[in-house]
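Okay, here's what each chain looks like letter by letter:
2 protein chains.
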Amino acid sequence: MTNRIDLKQDEMPDYWYNILPDLPEPLPQPMDTTGKAIQVLKSVFPAKVLEHEFSTEQMIRIPDDIRELYFQVGRPTPIIRAKRFESYFNAPIEIYMKMEGYTFAGSHKINSALAQAYYSKIEGVDLVTTETGAGQWGIAVAMASSLNNLNSKIFMAGASYYQKTYRVTLMKMLGGDVNPSPSALTNIGKELMKDEKNKNGSLGIAISEAVEYALEHNGRYNVGSVVNADILYKTIAGQEARKQLEINGIEPNYIIGVVGGGSNYSGLAFPFYRDYKDAKYIAAGSYEVPKMTKGEYKYDYPDTGKILPQVKMYSIGSDFIPPPIYAGGLRYHGVAPSLSLLMKHGVVEPRDYDQDTVFKYAELYTRLEGYVPAPETAHALPIISEIAKAAKEEGKRKVILMSFSGHGLLDLGSYSSMYS
Amino acid sequence: MTNRIDLKQDEMPDYWYNILPDLPEPLPQPMDTTGKAIQVLKSVFPAKVLEHEFSTEQMIRIPDDIRELYFQVGRPTPIIRAKRFESYFNAPIEIYMKMEGYTFAGSHKINSALAQAYYSKIEGVDLVTTETGAGQWGIAVAMASSLNNLNSKIFMAGASYYQKTYRVTLMKMLGGDVNPSPSALTNIGKELMKDEKNKNGSLGIAISEAVEYALEHNGRYNVGSVVNADILYKTIAGQEARKQLEINGIEPNYIIGVVGGGSNYSGLAFPFYRDYKDAKYIAAGSYEVPKMTKGEYKYDYPDTGKILPQVKMYSIGSDFIPPPIYAGGLRYHGVAPSLSLLMKHGVVEPRDYDQDTVFKYAELYTRLEGYVPAPETAHALPIISEIAKAAKEEGKRKVILMSFSGHGLLDLGSYSSMYS
Numbered sequence: 001m002t003n004r005i006d007l008k009q010d011e012m013p014d015y016w017y018n019i020l021p022d023l024p025e026p027l028p029q030p031m032d033t034t035g036k037a038i039q040v041l042k043s044v045f046p047a048k049v050l051e052h053e054f055s056t057e058q059m060i061r062i063p064d065d066i067r068e069l070y071f072q073v074g075r076p077t078p079i080i081r082a083k084r085f086e087s088y089f090n091a092p093i094e095i096y097m098k099m100e101g102y103t104f105a106g107s108h109k110i111n112s113a114l115a116q117a118y119y120s121k122i123e124g125v126d127l128v129t130t131e132t133g134a135g136q137w138g139i140a141v142a143m144a145s146s147l148n149n150l151n152s153k154i155f156m157a158g159a160s161y162y163q164k165t166y167r168v169t170l171m172k173m174l175g176g177d178v179n180p181s182p183s184a185l186t187n188i189g190k191e192l193m194k195d196e197k198n199k200n201g202s203l204g205i206a207i208s209e210a211v212e213y214a215l216e217h218n219g220r221y222n223v224g225s226v227v228n229a230d231i232l233y234k235t236i237a238g239q240e241a242r243k244q245l246e247i248n249g250i251e252p253n254y255i256i257g258v259v260g261g262g263s264n265y266s267g268l269a270f271p272f273y274r275d276y277k278d279a280k281y282i283a284a285g286s287y288e289v290p291k292m293t294k295g296e297y298k299y300d301y302p303d304t305g306k307i308l309p310q311v312k313m314y315s316i317g318s319d320f321i322p323p324p325i326y327a328g329g330l331r332y333h334g335v336a337p338s339l340s341l342l343m344k345h346g347v348v349e350p351r352d353y354d355q356d357t358v359f360k361y362a363e364l365y366t367r368l369e370g371y372v373p374a375p376e377t378a379h380a381l382p383i384i385s386e387i388a389k390a391a392k393e394e395g396k397r398k399v400i401l402m403s404f405s406g407h408g409l410l411d412l413g414s415y416s417s418m419y420s
Numbered sequence: 001m002t003n004r005i006d007l008k009q010d011e012m013p014d015y016w017y018n019i020l021p022d023l024p025e026p027l028p029q030p031m032d033t034t035g036k037a038i039q040v041l042k043s044v045f046p047a048k049v050l051e052h053e054f055s056t057e058q059m060i061r062i063p064d065d066i067r068e069l070y071f072q073v074g075r076p077t078p079i080i081r082a083k084r085f086e087s088y089f090n091a092p093i094e095i096y097m098k099m100e101g102y103t104f105a106g107s108h109k110i111n112s113a114l115a116q117a118y119y120s121k122i123e124g125v126d127l128v129t130t131e132t133g134a135g136q137w138g139i140a141v142a143m144a145s146s147l148n149n150l151n152s153k154i155f156m157a158g159a160s161y162y163q164k165t166y167r168v169t170l171m172k173m174l175g176g177d178v179n180p181s182p183s184a185l186t187n188i189g190k191e192l193m194k195d196e197k198n199k200n201g202s203l204g205i206a207i208s209e210a211v212e213y214a215l216e217h218n219g220r221y222n223v224g225s226v227v228n229a230d231i232l233y234k235t236i237a238g239q240e241a242r243k244q245l246e247i248n249g250i251e252p253n254y255i256i257g258v259v260g261g262g263s264n265y266s267g268l269a270f271p272f273y274r275d276y277k278d279a280k281y282i283a284a285g286s287y288e289v290p291k292m293t294k295g296e297y298k299y300d301y302p303d304t305g306k307i308l309p310q311v312k313m314y315s316i317g318s319d320f321i322p323p324p325i326y327a328g329g330l331r332y333h334g335v336a337p338s339l340s341l342l343m344k345h346g347v348v349e350p351r352d353y354d355q356d357t358v359f360k361y362a363e364l365y366t367r368l369e370g371y372v373p374a375p376e377t378a379h380a381l382p383i384i385s386e387i388a389k390a391a392k393e394e395g396k397r398k399v400i401l402m403s404f405s406g407h408g409l410l411d412l413g414s415y416s417s418m419y420s
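First to last, the sequence lines map onto chains Y and P.
Taking my numbering, I'd label the letters of the first sequence as residues 1 to 420.
Taking my numbering, I'd label the letters of the second sequence as residues 1 to 420.
So here's chain Y without its partners, still in its complex pose:
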């Protein structure tokens, strides 16, 4: 019996799904107390990305060139039924994994990076800039830039640059120009380098450098989470998944995934939201960075550097200093505004799980299914255990769709902590 639901390239959906018009109430607007932040964004964001950020069109057509780029990096991705993992729970459940780890970049992030690089290119520039923390987003941007024949300047928090050598090497092989931040490439970097305490860098510093570098070198700045446009581009995953399940007559009772900034979970779940009102939506974060369960719904800065406009979202504070957990993608302090709004309305249920629990599930999944999830991705696995328990008690079959947001092959250094 087969365990894979393929979708041919010519069956890939033609549209991204924009949730803004379908939200239960209008999305609170960004707040720009200084009046400068939005001006900066207009100078460094590609115009089309800015347009999409505020669009109220429900379906937005994917340009043919971006469809080609999606094909190039491994789209459509398959859905895999994790039968051996199902058996472990001895409960009436079916688990369908939307395998974003199958993309060449190894994660869902490439879905947005390709679109943003493309919308940068059509403005006639030859440079894209961005920041990266643990490196996943940087890999996606390096890849997207090369596939669009653009240069990329990537600012990576200094501490990560010297620690995540595999990811740095991959960015370089992909043609990315990756630099430890703070750097001497920008004025803000030069200024900050004078103080020894900044030498490890931070995501906030790296964002500031990437924005300045784009401004000074006629580049475009590409952003890897939280904003509406980024989520829009990532809905290609959910659009595909809907089609794959519907073709096969499979109706999910649960749609689950993990939340870093929110674009991964939203990218899978949003395309189901309008027509699958009976499904349960559950999203998990990290117990060590508990924005999902302990965040407050309020206006806050999306970036630690406070150069972007404030947005209304669940947040544990832009000043929150995350502990050094291994799921780098989950260290972010807030939840994307659109997803936050659905949490506020009780549509999406939040969870947070601790690293030890999550690593045990990652190990279990790897042994049973043969495929290693990213630590971030694995934070959704304990949700399955909860559902299995409930399904067993209720005696009713439950169908689960999960975003398998990335593979963990470049996270084996982190996982090795289990054996030392």
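Any given hint might turn out to be false.
Below, a list of computed lysine to aspartate or glutamate pairs in the EDC-like style, where the Cα atoms sit at most 16 Å apart [what the hints assert, rightly or not]: (1) Y/K243 / Y/E11; (2) Y/K280 / Y/E386; (3) Y/K398 / Y/E386; (4) Y/K8 / P/E11; (5) P/K294 / P/D352; (6) Y/K8 / P/D352; (7) Y/K312 / Y/E25; (8) Y/K389 / Y/E86; (9) Y/K306 / Y/D32; (10) Y/K8 / P/D10; (11) Y/K121 / Y/E86; (12) Y/K83 / P/D65; (13) Y/K190 / Y/E216; (14) P/K8 / Y/D64; (15) Y/K294 / Y/D352; (16) P/K8 / Y/D10; (17) P/K392 / P/E94; (18) P/K8 / Y/D6; (19) Y/K83 / P/E68; (20) Y/K42 / Y/E57; (21) P/K396 / P/E251; (22) P/K48 / P/D65; (23) Y/K42 / Y/E25; (24) P/K83 / Y/D65; (25) P/K398 / P/D278; (26) P/K121 / P/D64; (27) P/K83 / Y/E68; (28) Y/K277 / Y/D22; (29) P/K243 / P/D10; (30) P/K277 / P/D352.
Computed from the model, here is a short list of chain Y residues facing chain P with C-beta under 10 Å [said to hold, decoys possible]: (31) Q72; (32) V73; (33) F104; (34) L409; (35) Y415.
No lab work stands behind these hints, which were simulated from the structure alone.
Small disclaimer: the values here were computed from a predicted structure and weren't measured.
C-beta: ideal position from N, C-alpha, C; glycine also.
Following the hints, position chain P against chain Y.
For chain P alone, kept in the frame of chain Y given last:
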């Protein structure tokens, strides 16, 4: 325009292809000077694997249970047309990559590991043993054992064990019991540990330990290259590729790939051999371990420990000490007997390429296509350059099928040498 040729799970071929009856002359038999070697093999090989080793049936049916296991690890794999890499050469060529790197194990090795673990399991044992050098085969065996609900005892050359920590961690997450060799788990290991000079271990020592451990603990020993049965199981890749190309009316003019022990290239090329006599067959090895171009066709030991029967093959000598090249899978001293015979008859043309050249091609491919090849895999890329040059001169379109034997995500540590 699409660039991927999928094959559905229910379209996967039902048979492995055995080249033995189709060879231009009978394959020279193994030579067992002591009379002990074959006896040892009979005790530790699964009976079905031994039977396949000497079978003269041309097509051997794949058991349903193994088909299921192939599905579990990502089979069938797609063929990707590398259009951006084609464009680089500015020549009338088409490049089709059979993507064995897509399997969960990241390489073609899982195709054989699953079959051998299965044939071990049906004998009622609960243990599989093997050796591994750089770790790719160990990963495949750890995965195959867990998917067959078997334990695995993996002996890894000590120096690699402490160096290739990502691969060791992955084996452990997969449920493999991996040990640095020499170890105190076997008599031969204990004996060798007494001498400081053995502390780094070797593939030869690891084989000896794996065989002894299987003998002493009622396990079965699984072998990852060279032997006929191993190649037979790996022909699933070529069987699929033939079907994928034929469905789409594509006829390859060149079939290329790399040779470690020979099973990768043979797994892709052998199923074409009988019916595609006009195709050119070219296989590459490493210039630093030049068995392909400087090997001698003679009886030699397949293992450095000299416990296996001698076979007739191209070899640079079982005592050859390979330099520390990064393509660990190409450090082997010989070429599988069946492939050697085709080389002797001029059917398969040999090449050897040096590491610097190969790494440059790996970087180029990664930047253009977005997917990083294993260093081993990348040794076939310079062949494409040769073909492109000839095609341009001749002014005729040439279609190339290449075995993309594995991804390079766990080799980024090696690739980083390009940037230091």
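Results of checking the hints against the structure:
no.: 1; hint: Y/K243 / Y/E11; verdict: holds (9 Å)
no.: 2; hint: Y/K280 / Y/E386; verdict: holds (13 Å)
no.: 3; hint: Y/K398 / Y/E386; verdict: holds (12 Å)
no.: 4; hint: Y/K8 / P/E11; verdict: holds (14 Å)
no.: 5; hint: P/K294 / P/D352; verdict: holds (9 Å)
no.: 6; hint: Y/K8 / P/D352; verdict: violated (38 Å)
no.: 7; hint: Y/K312 / Y/E25; verdict: holds (13 Å)
no.: 8; hint: Y/K389 / Y/E86; verdict: holds (12 Å)
no.: 9; hint: Y/K306 / Y/D32; verdict: holds (11 Å)
no.: 10; hint: Y/K8 / P/D10; verdict: holds (15 Å)
no.: 11; hint: Y/K121 / Y/E86; verdict: violated (45 Å)
no.: 12; hint: Y/K83 / P/D65; verdict: holds (15 Å)
no.: 13; hint: Y/K190 / Y/E216; verdict: holds (15 Å)
no.: 14; hint: P/K8 / Y/D64; verdict: violated (25 Å)
no.: 15; hint: Y/K294 / Y/D352; verdict: holds (9 Å)
no.: 16; hint: P/K8 / Y/D10; verdict: holds (15 Å)
no.: 17; hint: P/K392 / P/E94; verdict: holds (12 Å)
no.: 18; hint: P/K8 / Y/D6; verdict: holds (7 Å)
no.: 19; hint: Y/K83 / P/E68; verdict: holds (11 Å)
no.: 20; hint: Y/K42 / Y/E57; verdict: violated (21 Å)
no.: 21; hint: P/K396 / P/E251; verdict: holds (14 Å)
no.: 22; hint: P/K48 / P/D65; verdict: holds (15 Å)
no.: 23; hint: Y/K42 / Y/E25; verdict: violated (26 Å)
no.: 24; hint: P/K83 / Y/D65; verdict: holds (15 Å)
no.: 25; hint: P/K398 / P/D278; verdict: holds (12 Å)
no.: 26; hint: P/K121 / P/D64; verdict: holds (15 Å)
no.: 27; hint: P/K83 / Y/E68; verdict: holds (11 Å)
no.: 28; hint: Y/K277 / Y/D22; verdict: holds (12 Å)
no.: 29; hint: P/K243 / P/D10; verdict: holds (13 Å)
no.: 30; hint: P/K277 / P/D352; verdict: violated (24 Å)
no.: 31; hint: Q72; verdict: holds (6 Å)
no.: 32; hint: V73; verdict: holds (6 Å)
no.: 33; hint: F104; verdict: holds (4 Å)
no.: 34; hint: L409; verdict: holds (5 Å)
no.: 35; hint: Y415; verdict: holds (5 Å)
Consistency with the previously given hints fails for numbers 6, 11, 14, 20, 23 and 30, ordered from lowest to highest.
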